[in-house]
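Number of protein chains: 4
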Amino acid sequence: MDETSFKLLAKYLPSTYVQQAKDARNTTNFLFNQLLEKRKWPEEGWSERDIEILLDELASLDSNNFLKNHGVGEREARIASSLVAKRNFHLGHGLGRSGDLTEVQPKAAGSSVLYQLTNDLAKDALRTLGVPDVKACFVAPLATGMSLTLIFLCLRQQQPKARYIIWSRIDQKSCFKSITTAGFEPIIVEPILNGEELVTDTEKIETIMKQIDPDLIACVMTTTSCFAPRACDDVETVAVLCKIYRVAHVINNAYGVQSTKCMHVIQQASKKGRVDAFVQSTDKNFMVPVGGTIIAGFDKCFVSKISQCYPGRASSSPIVDLFITLLSLGSKEYKSLARERKQLFQLLKEGLAKIASRFGQRVLDTPGNSISIGISLPSVKDPKSLTQLGSQLFLRCVSGTRVVSNLESKVINGHEFRNWGAHHSNYPTGYLTAAATIGMTALDVEQFLQRLTKVMESWSTKTIPIVSPSLTNGH
Amino acid sequence: MDETSFKLLAKYLPSTYVQQAKDARNTTNFLFNQLLEKRKWPEEGWSERDIEILLDELASLDSNNFLKNHGVGEREARIASSLVAKRNFHLGHGLGRSGDLTEVQPKAAGSSVLYQLTNDLAKDALRTLGVPDVKACFVAPLATGMSLTLIFLCLRQQQPKARYIIWSRIDQKSCFKSITTAGFEPIIVEPILNGEELVTDTEKIETIMKQIDPDLIACVMTTTSCFAPRACDDVETVAVLCKIYRVAHVINNAYGVQSTKCMHVIQQASKKGRVDAFVQSTDKNFMVPVGGTIIAGFDKCFVSKISQCYPGRASSSPIVDLFITLLSLGSKEYKSLARERKQLFQLLKEGLAKIASRFGQRVLDTPGNSISIGISLPSVKDPKSLTQLGSQLFLRCVSGTRVVSNLESKVINGHEFRNWGAHHSNYPTGYLTAAATIGMTALDVEQFLQRLTKVMESWSTKTIPIVSPSLTNGH
Amino acid sequence: MDETSFKLLAKYLPSTYVQQAKDARNTTNFLFNQLLEKRKWPEEGWSERDIEILLDELASLDSNNFLKNHGVGEREARIASSLVAKRNFHLGHGLGRSGDLTEVQPKAAGSSVLYQLTNDLAKDALRTLGVPDVKACFVAPLATGMSLTLIFLCLRQQQPKARYIIWSRIDQKSCFKSITTAGFEPIIVEPILNGEELVTDTEKIETIMKQIDPDLIACVMTTTSCFAPRACDDVETVAVLCKIYRVAHVINNAYGVQSTKCMHVIQQASKKGRVDAFVQSTDKNFMVPVGGTIIAGFDKCFVSKISQCYPGRASSSPIVDLFITLLSLGSKEYKSLARERKQLFQLLKEGLAKIASRFGQRVLDTPGNSISIGISLPSVKDPKSLTQLGSQLFLRCVSGTRVVSNLESKVINGHEFRNWGAHHSNYPTGYLTAAATIGMTALDVEQFLQRLTKVMESWSTKTIPIVSPSLTNGH
Amino acid sequence: MDETSFKLLAKYLPSTYVQQAKDARNTTNFLFNQLLEKRKWPEEGWSERDIEILLDELASLDSNNFLKNHGVGEREARIASSLVAKRNFHLGHGLGRSGDLTEVQPKAAGSSVLYQLTNDLAKDALRTLGVPDVKACFVAPLATGMSLTLIFLCLRQQQPKARYIIWSRIDQKSCFKSITTAGFEPIIVEPILNGEELVTDTEKIETIMKQIDPDLIACVMTTTSCFAPRACDDVETVAVLCKIYRVAHVINNAYGVQSTKCMHVIQQASKKGRVDAFVQSTDKNFMVPVGGTIIAGFDKCFVSKISQCYPGRASSSPIVDLFITLLSLGSKEYKSLARERKQLFQLLKEGLAKIASRFGQRVLDTPGNSISIGISLPSVKDPKSLTQLGSQLFLRCVSGTRVVSNLESKVINGHEFRNWGAHHSNYPTGYLTAAATIGMTALDVEQFLQRLTKVMESWSTKTIPIVSPSLTNGH
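Protein chains in written order, with numbering that gives the first Met the number 0: chain A, 0 to 474; chain B, 0 to 474; chain C, 0 to 474; chain D, 0 to 474.
Misleading hints may appear alongside valid ones.
Since the list can't tell identical chains apart, any single copy or any two copies may satisfy a pair.
[As the list claims (entries may be wrong)] Derived DSS-like pairs (lysine-lysine); straight-line CA-CA distance at most 30 Å: (1) K67 x K461; (2) K10 x K172; (3) K461 x K334; (4) K67 x K21; (5) K203 x K270; (6) K209 x K67; (7) K453 x K85; (8) K67 x K353; (9) K172 x K160.
These are calculated hints, taken from the structure and not from any lab test.
Next up, chain A with everything else stripped away, as it sits in the complex (with noise of 0.2 Å):
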C-alpha cells in the first residue's frame, strides 16, 4: 500500500482509523529502516510476523516477482511447486554471481539485500559475543567442513606451492577430509596429555614450522570446540607462531561462539598473534538446520578473496535460515540461552560427578573444555560392551553422547590414526562424553541423567571389569 491506499481507504473508515492505520504502518516501516541503517543485530527479537513481511518485501524486489516480468534467460527462477515457492518466500535466484558469492544479482535485488544484511548480522553477532575486532565475514551456504575446504582452496591461490596443513589432530572425521579434499597434504599433530586433558602440542608446531619451508605450508588448523578429553586448543600460542613464521592460521570455532571462552581466545589470538580466518557453524551456534557457517576474519581483503574463490551462485537457504533466527531471537535472548547454557553445564557436570562416582567412576578433569565434559568407564574386555552403553542409551531417545572404547583404529585418505575417536594414540581410559549445548533445556539434562543411571545400573550388572590400574597414576 502506499498514499493512494490510504486516501482510497478513507472511502471505507473514518479519517482516524486511517491516521492510525498510517502511523501503524509507520512503525513497522521505522523497524525495518533502523535494521537497513544501523546493520546491526537488534537487541529484542522480531515477531515471525514482521520477519515475513520483510522477507515478502525483500521478495518483491527479485525479478521473478515482479508483476509484469517476463524472463527470457535461461535462469529466470521459475519455481514449479506452489510448496516450494512459500518455503523459500518466494526467493528463487540463490546467492551470488560468478565472480563473487557477495556480489550484487541484477535480477535478485532483494536476494542480495537479505545477503548484505545477513553478513552484517552475523558480523554483529561475533562481535557481540566476543570477537569485537572481526573485520568481515559472509555466511557461506556450506557446513563446516567444506567451509574449511574452500578457505584452502582459497589459500592455494595465494600460494600455490604450499603442499602442507598442520593439523592439531581432532576426531572429526570431516576436520581431516576438509584437507585432504582441497588437496594438502595433512601434518598431524597429536595433543599431548596433561593430567587427563589433551592439549595442543604447540611445541612440535614450532618445530615443525621451524623445519619447513613456509611456502609449503598452507596454514595451521586449529580447533576451538571440541569433545572432551580434549581442550580448546591454545589457539593464542599457535597465533604467535604463525605470526612469527609467517604461516597463515585458520580456526574452527565449530560451535564456539556459543562458549565465551572459546570466543576469547580467537578475539586474544587474533590481537597476539596472526588468524587468517575462524569458521563457525550456523546450526551448532544459532539453531538452524545444518547448512551453513560464518566465515570470518580480521582481514578484509582476505575474507572477500574467499568469497571471490566460490565458483557461481549458491543456495540461499541457510541465509534465509539464519536471518530469520537472528531476527526472531536479538541478542538479548540469546545472551540469556548462552547464560542458561553456562549453567546447565555445571547441572550436567554435578550430574555425571554422582553418576561416576556411584559406579566408581569420576569425571574427566578437563578445565580447558567449557562445552562437553567426560566420564571415565571401566576397562573391559571386550570393547564392544563399551559401544552397547552408547547405544542403549540411543534407544532409550538419549543423543548426542560418545562412548570411547579406546581401542579402534581407523584409516582415513590413507592415514592410520590409532585409537580413533579419542584425538590421541593412547588416552588411558575409555570414556563417556555428554555436552551441554545452546538451546539445551534442564529438562534435558535431567532426563539424560536419569536414563544413563538406568542404563548403568543395567550395563554393570551384566559387564566384567578387568581390574584396572588407577588412571589418576602416573599422568
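Based on the hints, put chains B, C and D in the right spot on chain A.
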C-alpha cells in the same frame, strides 16, 4: 494413527465410516509404499497435501522430532525459530556424515531416506529424459560451479599429478572459476566459427592430448547447453578422444535436461566414448530455487567417490526442493512442459526473425543450439549503445536477454579473454540472445517480442549504425 | 517499506536496481489500489502471493497487529497459538460490532475494509453471473439454513404479527428447520407432478395468499437449485403473486449461482414481481469450506436491516475464504469453470442415459433442473435394497449420489412428510440422482459412470424387481 | 506409513534405526490415542507439529481428501484455492448435518471426530476451570450475541407462548439485541447502586416473576463478566428464584472462564438453583479469533436441544481454532496464564489508584468485579472532553479503555436507555475503565499506566472541572 486409533474411532463414528476412512488411509499408504519400493519418478504428479504428509512422516523418523528425545551432543538439530522449523519441515540434520554425503545419519533416519529417494528419483528422471544408461547420480547441495569444482577435486585425489583441465571455451565465469578454484590450470580451446555458429575445436583438443602427458590432464570439460551462437559441444567426438587418450571427461549439462538434444548427445557419448561425470543444475532444469545439481555418471564407483569426497554435512534444502518438485510434477507433466518449451522455441525464433528482418538484421544460424537464439545487431560506433538495448529491455521488465557488443575483454584469474561474452575472440558481429527454457509461457514470448519491438524502434532512431560489411561474406 | 527504505537501499544496490524495485512495487500497489477504487471482481485472477500480501497489509491495519499497541480491554484479539494466528492471517477481531454486522470496527480497520471489499466483490460477482439488478448484499458468516433463519427473524421485526411462512416443499431438512427455528409455522405447498418433473404449485400458493391475512404471513420461500426430479421453483410467478398480495418473498438460491438458468429467473422475478432477499451458499457456488452465504436483495434498506439484525460479532473466516477465492479465480476463470460444468452436465446425462437403458431404466425428464439428474430404479420388494445401491457407491468412493426409495416417511418438528426425500408424497418411482456442479472434472464423471455400472451390475443380479407398471404410462 | 512401509524402509536403513523410528511413531500414536480415549484436556500442551499432524490425520478421514473419491453431489467440499485449502487443513465440509449441529457427517468423518473432540475438550476445560458439575456443552460457531439468540429460539420451541425475557441490564448492545432478534420483549431490570458498585436487583426480578405468568417468560438472562462499576450478577440468588418460579435461566458468562470467581458462582448457582445454559466466548477466554462460544449446561437433554435447533451446517473454523489452542496450551499453561491475569489485575488496580489519587480521583470500589476496574473522572461541563480522553489513549495505541461520561442516552430497538454505557440511568460520576484479561502482559499494564499518566496530564491542564459534590456522600 494406528490400529488402536481406528478402534477408538469406533466410539465416535459408525463402523462403516471407520472402515472407509481406513481404506482411504491405505490408499495413501499404498502411494507411499509404491514410491519406497519402486524408487521411480511417478508418472502422475502428487498433490501438495500428499507430499507434505510424506515429508512429515519422514521428518518423524529424525531423532529431533522424537517426542521423548533428549540430546546431549553438540549437534542436536534444535531449531530456535518455529518459522525456520516449518519451512524446513522440521528437518534439521542436513545431509551426509563426515565420511560421505550419501551415508545414513543415525540421528536422522528420515532425512537419510529422503536423500536416497531423491537421488533415486533424480536418476530415474535422467533415464526417462534421455540418458537411459546412467548408472548412478546424487543431488549435490551445490550449484553448478561448485559441483564442477568438487568433481575436479575428486579427480585430483585419483590422479595427484594432474595440473591441467582442457576446456572448450564458454563465456560463463563460474565454469572457468570452477577450474581455477579447484587449483587447476585451464587449457582454453576456443570454438571455431562454422558459418555463424561456434562449434567445438575437436582437432585442437586432440592435438593437446597428444602433446601433454595424460597424467598431467585432470580432464576435458565440455558444455552442452549454452548461449547462441555457441553450439552444444561435440561431446561425442570429445568422448571418443578421451577414451582413446585415457583422459577423464566431465560434461557441464547445465540446463540441458530440458532439451532432448543435449540429453541424447550425452547418452551417445557414453556409448561411444568416455564420460566420467555430467552435471545438471536443478534450478534451471527443474524449476527450483538455485542451489543444487545432479551429479551423474556411468560408473557407480566414480560417482560414489565424488560424494565421498565431500567433507562433512550439507544443507538438505536443495534436496527437499527437488524432491517436492519431482513428485509434484510427475514425469507426465514434466514431459508436457518440455514439449511446450520446444514449441515456444519455434515461436520465439519466428518472432525474432520477423523483428530482425524489420530492422535489417537476421537470426543467427545456429542449428546446434536448441535453447538459445541470437539476432544480429547493427555495428555501432559506441558499443555502449548496444548494451543500452539490454538495459532498456530490463527496465521494461524483460529479463534474460543478453547483448554481446563484441568488443569487451576481461581478465579472470590472470587469463585474458578477448571478446568476453562471445565465447570467441573474434566473433564478427554484435548480437542479442534470448532463450526458450522450461516453464516459459506463450505470454512470455509474446510480451518479450512486443517489448523488443518497441525498444528496437526507439533505439534504432537514436543510434547511427556504421556501414558494416555484410556478415555472411567471408564466414 | 517506504520512501526512506528505498533511500537506504541505495547503500546496498546500484540505483537502477532500486528504481526498478520501486517500479515493481508500484505495479503491485496499483493492483491493490485498483481493487480499492473500483470495488469490482477482477477479471484476471491474482497470484496467491499477491493475495497474501494484501491480506497482510490489511491485517496490519488492525490494532492487535500494531507494534506498539497495548490492550486493556476485554477483547483485544490476542491469539495464543501462532498456528491459529497464521491461519487467520493475524486477523482476530472478526466481523461487525454489536450494532451491525457490516459496521466498521474501531480496533479492526483492516478487517472492516476486508469485509466491505468482500461484500463489494460478492455483489459484483452476482451481477456478473446473471443478476445485474442486485442492489445490495453481504456475506453472512452463516450457512444457508441459519442465514434463512436470520432473514425470517428480520421479517418478524418488521411484521410482528406474522406467524406463517408459505413454503414450496423441498426435502432438505435445513430449509424446513430454518422456518421452525425462527419460530414460524410452515404452510407446506407440495409441488405438482408435471410428467416426471415436480413443479411449483403456484395456484395453491395463490389460494393460500387469498385465504390468509397477509399480516400473518412472514413470506413465501422458494428454491431454485434442488435435486431432480424437482425443478427450479417458478420464482417468477411466485414473485408476481407476492407483489400482488403484498407478501415478502425469500429465495433459497442455494447452489444456483453456478447455473445461468437459476440466476436468470431471479433477475426476471425481481423485474416482474417481488423478491425481498435471495440467499446463496458460498461453499457450493464458490468452492470454499462450508460456512457462508451471500444474502442479497434488490432493496438496500432491507438488506441492511438483515445485517443490523445480527446481534454482535461473528467469525471472519468464511469471509476470508471467499475473498481469497474470488481474487484467486477472477471472473474469467469462474466463468470458464461454469461453462465446463454445463458441458459436464450433458456428459453426465448422456452417460446416465446409456447406463439406465442398459438396465431397463431411463433418465427422468426434468427440463427445469439444470444441475441434478435422476435415473429411475426398478421397483423392489425391500426398499433397503435400493438404499444399498447408494451405500455401495459410497464405499467405492463415489460421494453425492442420492437414492430415493420412495417409501420413507419422516416427522420433523411435528410435521409428517410422506416420502421424505422425494419432495412429494407420492412420486411414482424410486430413483438415483447425481449432479454436475462447479469444480467437477471429466474424470469425476467418467469414474462415476464406470463405478455406477459395476455397482448396478452386481446389484441387479442380486435384486428381484417387482413387475412394475410402466412409469411412462399415466403421467 | 504402515507396517509395509517400515518393512520397505529396511532397504534404506539399518534395522535398529527402523526400529527406533517405529518406536518414535508409536509414541506419537500413543499421544493421539490417549486423546481419543480419554477425551480430556491434556495437562501438558502439544507442539504445533503434533497438532498439525493430528489435524492432517483427521482431514484424511474426510471424503474430499480420499485419493480416489469422485463426487457427484451438490456439496463435495471442493476447494478452489490452495491457500484456502491449506488454511483450513483441507477440511471443507464444516460442521453438522441438517438435523443437528453435532451429528456425524457421512462425507466428513474426520471433521465429525474433530468436532466431538473439541466439545469434549471444552467440557473438560469448563470442569477444570471451576464448573465441575457441567453436564454437556458444544462449541457453537457463533459469537456470544448470536449464541444467546439461538438459545432463546430454542426456548421458544419449548415454550411457544413465551414473550418476555427478564434482563439484568448490562450496557452491551449485542446482549440486548440477542433478545430482540430472537423476537422477545426484554423486561429490563436496572442494577442498584451499592456504594459505588452496581449490583443485581434481585428483589425486582422476584417481583416481576410474581406478577407475570411464567409461561410468558422465556427466561431470565444474567451476566457474570462485565465492565466496572457493574458487578458480576448475583446469579446464585437469581438461580434460586428461577427454580422457585420455574423460569429458565440463561447466564452470559462472556469472558468469565478466565476468572475463578465467575466460574464459581455458576457452579454454585447450578447447585442451589436453576441454570439452563451458560455461554462463554471462545475468543475472550481462549485467545482465538472472534467467532465461537461454548454453550454449556447442566442438563444434557436441553443442551442437545439447542444444537438440534441450529438449522443446517456451519463453519468449522472457530472449532479448529479452539481445538488447536486447547491442545497447544494444555491446562497447565492456561492455569498459569489465569494466575498471571489475577496478579496483573492487582498491579493494574494499584497503578490506577496511584494515578487517580494524583489527579484527585479514586478507583471505584467494586469488589464484585474481578476483571474490570474503573477510576472516577472529574465532572466537566462538556462531556465530549471526557470522550477525548479515550480517543487520545487510542491514538497512543492503548486499546480497550472505556470512558463513560454519564450523560448519553440511546434508543435501541425502540427502548430508551438513559446513560447508555453506564448500565444505570443515574450513575453519579463519569469514569474510565480498564480490564486485566487473560494473555495480558506486565508490559501491557506498565505501558498503559505510563501513557494514561501522560494523557491525563495534558488533558487535565486543558479541562476545567466543575466543582462536584463528593461522590461518596449520599450513596
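Exercise for the section: Could you tell me which of the hints above the structure violates, numbers in ascending order? Expected result: 3, 6, 7
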